[in-house]
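Keeping the supplied structure of chain A fixed, place chain B upon it in accordance with the hints.
Listed in order, the protein sequences are those of chains A and B. Under the working numbering, the residue at position 206 of the first sequence is numbered 206, and the numbers go up by one with no gaps. Under the working numbering, the residue at position 247 of the second sequence is numbered 247, and the numbers go up by one with no gaps.
No lab work stands behind these hints, which were simulated from the structure alone. Careful, some of the hints might be misleading.
As the list claims (entries may be wrong) - The calculated lysine to any residue pairs, modelled on SDA-like cross-linking and capped at a C-alpha distance of 25 Å, are:
1) K134(B) to R170(A)
2) K16(B) to M82(A)
3) K105(B) to L166(A)
4) K134(B) to L276(A)
5) K16(B) to E169(A)
6) K16(B) to L166(A)
7) K105(B) to G80(A)
8) K16(B) to R273(A)
9) K105(B) to T86(A)
10) K16(B) to E83(A)
11) K134(B) to E14(A)
12) K134(B) to G85(A)
13) K105(B) to I12(A)
14) K134(B) to N18(A)
15) K16(B) to N18(A)
16) K105(B) to R2(A)
17) K267(B) to T290(B)
18) K16(B) to L276(A)
19) K105(B) to L102(A)
20) K16(B) to R274(A)
21) K105(B) to E14(A)
22) K105(B) to L5(A)
23) K134(B) to L89(A)
Predicted model only: the values in this text are computed from it and were never measured.
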Amino acid sequence: MRNILIVARKEIQEGLRNRWVLATTLLLAGLALSLTFLGSAPTGTVGVRALDVVIVSLSSLTIFLLPLIALLISHDAIVGEMERGTMLLLLSYPVGRWQVLLGKFIGHLSILAFATLLGYGAAAGALAATGAEIDAQSWTAFATMIGSSILLGAAFIAVGYLVSALVRERGTAGGIAIGIWLVFVLIYDMALLGMLVVDQGRTLSGGILNALLLLNPADAYRLFNLTGSAGVSAFSGMAGIAQTATLSPTVLLAALAAWTLVPLALAAIAFSRREL
Amino acid sequence: MTGTVEIRNVVKRFGKVEAVRDVSFSLPEGETVALVGHNGAGKTTLMKLMLGLIRPTGGSIAVLGDDPAAGQFEARRRLGYLPENVSFNAALTGHETLAFYARLKRESARACRPLLERVGLTHAANRRVGTYSKGMRQRLGLAQALLGEPRLLLLDEPTTGLDPALRQSFYEIVEELRGRGATVLLSSHALTELEERAGRVVIMNRGSKVADGTLDELRRIARLPTRIRLKVTDAGLANVPNWLGPVEGWRRVNGRMVEIDASPERKIEVLRRATDEGAPVEDIDVVPPTLDELYAHFLLSQETAR
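Chain A extracted, bound-state conformation:
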């Protein structure tokens, strides 16, 4: 356990030093703040439940941005250190490879969690400061959104590690990471939509649709946040789906957790078999 924390600490230290933490936090805070104030323009200042609108826009932002940031940090974690030669020295120390991987995971996840918490928290704080009325239910939904955003980030960090543990070169890892981002964030939904339109509900049952939604962590996240609370789903235009969706929040969270743990375990196995 101590080894894991030592590695995690160094990862965070490096993140602070090479401005990763600063850059991500500023990026997320900047986008969150502009979405909060520009995004509330159409609903006007009289908008009741202002925070619910923010949750809808921020979760859409999360789906695009957090997987990208997570993959950017993580795709380099193993293959990059191997290429630079630092892994050789690290593994000659009394530390297990799974400990190195887990330590990096905790370190990277802390960086991401810190940036998300601070960036999105700034948006909510600014909203509260302007005097908008926010009830407890909205606050809960907001906290849940931040928590699940971090979980989404964790899933993509784990996927990035798996890529990093499998490939031989950094460039390959970078290319695959961008491909994964494109597929899960952009192409998957379009393809799913296209299939539904072509199929016209003949062969694709609700069960298959549910399974397909769980097979993409970004979709699991979207469903979890946009249908999770009644107030939010009304704004997101997902109220209809929310009523018919048979996927409970627990199942969606479990899917996100599985998307974190399975790639992480596979990455640990691949890394332990690697020769360097």
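Using the frame of chain A, we list chain B on its own:
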């Protein structure tokens, strides 16, 4: 008897390439052993095998009583390793980097300052490693290898990039550790430099061990001639065979010098004649075969044996 390192019939293949072929040796406590060979002779591969970074295709390895390939890593706390091209994360300072490695070895962070001073990096301790020169990175690499009073030091080309003064103090540090019972395995191209330091030499070629022994033993096996240099007076130069006797293979170099390659059994005879009363000799130098020559000899004899 079990040494610090026991290597038995180790084979390592990378695909079709046989990087190490049936190598066996053991490294006892308190010995400095030089691992000598070309690039690609298998030196680095052997070190990586000892560290458990790669697994042997055949044979067995024991390091400080552990099997490194089985994923046991407790023994590594008493092991120092300096890779051939040591690199560190450029974002951290020298002191932070060393403190990180000290924590992994469960050494107190207080051990870092004296170590940095020992390798002459005190002035740069709070600068980022990214700003270091090659020699400074090498010194930091040496400092991390010395963390935690290692029982076994694996040093892969340790003195590349070090200036002569630092090279000297580097060997002093190594000698001090060896004196306290540590086993030191050094690999290097700079053979003349190893000559005075290593008690034993293991010569590798294309993955096989071609020779293993102390420098004296290897000289005996190789039967290389000793080079004798005589500074001769002008009068003596005219009739060398007269006073030197029937010696094959002598030649004049640099005007008044006579150089003789004497085989081991003829050596004494030649020296007697040269120091005989009346011999026109002003000065004598005796040069035993260097590690360079021994190395070349063993490589050549292995090549012709194929």
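Here is what the structure says about each hint:
| no. | hint | verdict |
| --- | --- | --- |
| 1 | K134(B) to R170(A) | 24 Å, holds |
| 2 | K16(B) to M82(A) | 23 Å, holds |
| 3 | K105(B) to L166(A) | 28 Å, violated |
| 4 | K134(B) to L276(A) | 23 Å, holds |
| 5 | K16(B) to E169(A) | 21 Å, holds |
| 6 | K16(B) to L166(A) | 21 Å, holds |
| 7 | K105(B) to G80(A) | 24 Å, holds |
| 8 | K16(B) to R273(A) | 19 Å, holds |
| 9 | K105(B) to T86(A) | 16 Å, holds |
| 10 | K16(B) to E83(A) | 23 Å, holds |
| 11 | K134(B) to E14(A) | 21 Å, holds |
| 12 | K134(B) to G85(A) | 14 Å, holds |
| 13 | K105(B) to I12(A) | 20 Å, holds |
| 14 | K134(B) to N18(A) | 22 Å, holds |
| 15 | K16(B) to N18(A) | 42 Å, violated |
| 16 | K105(B) to R2(A) | 11 Å, holds |
| 17 | K267(B) to T290(B) | 16 Å, holds |
| 18 | K16(B) to L276(A) | 17 Å, holds |
| 19 | K105(B) to L102(A) | 18 Å, holds |
| 20 | K16(B) to R274(A) | 18 Å, holds |
| 21 | K105(B) to E14(A) | 20 Å, holds |
| 22 | K105(B) to L5(A) | 14 Å, holds |
| 23 | K134(B) to L89(A) | 17 Å, holds |
When each numbered hint is compared with the structure, violations occur for hints 3, 15.
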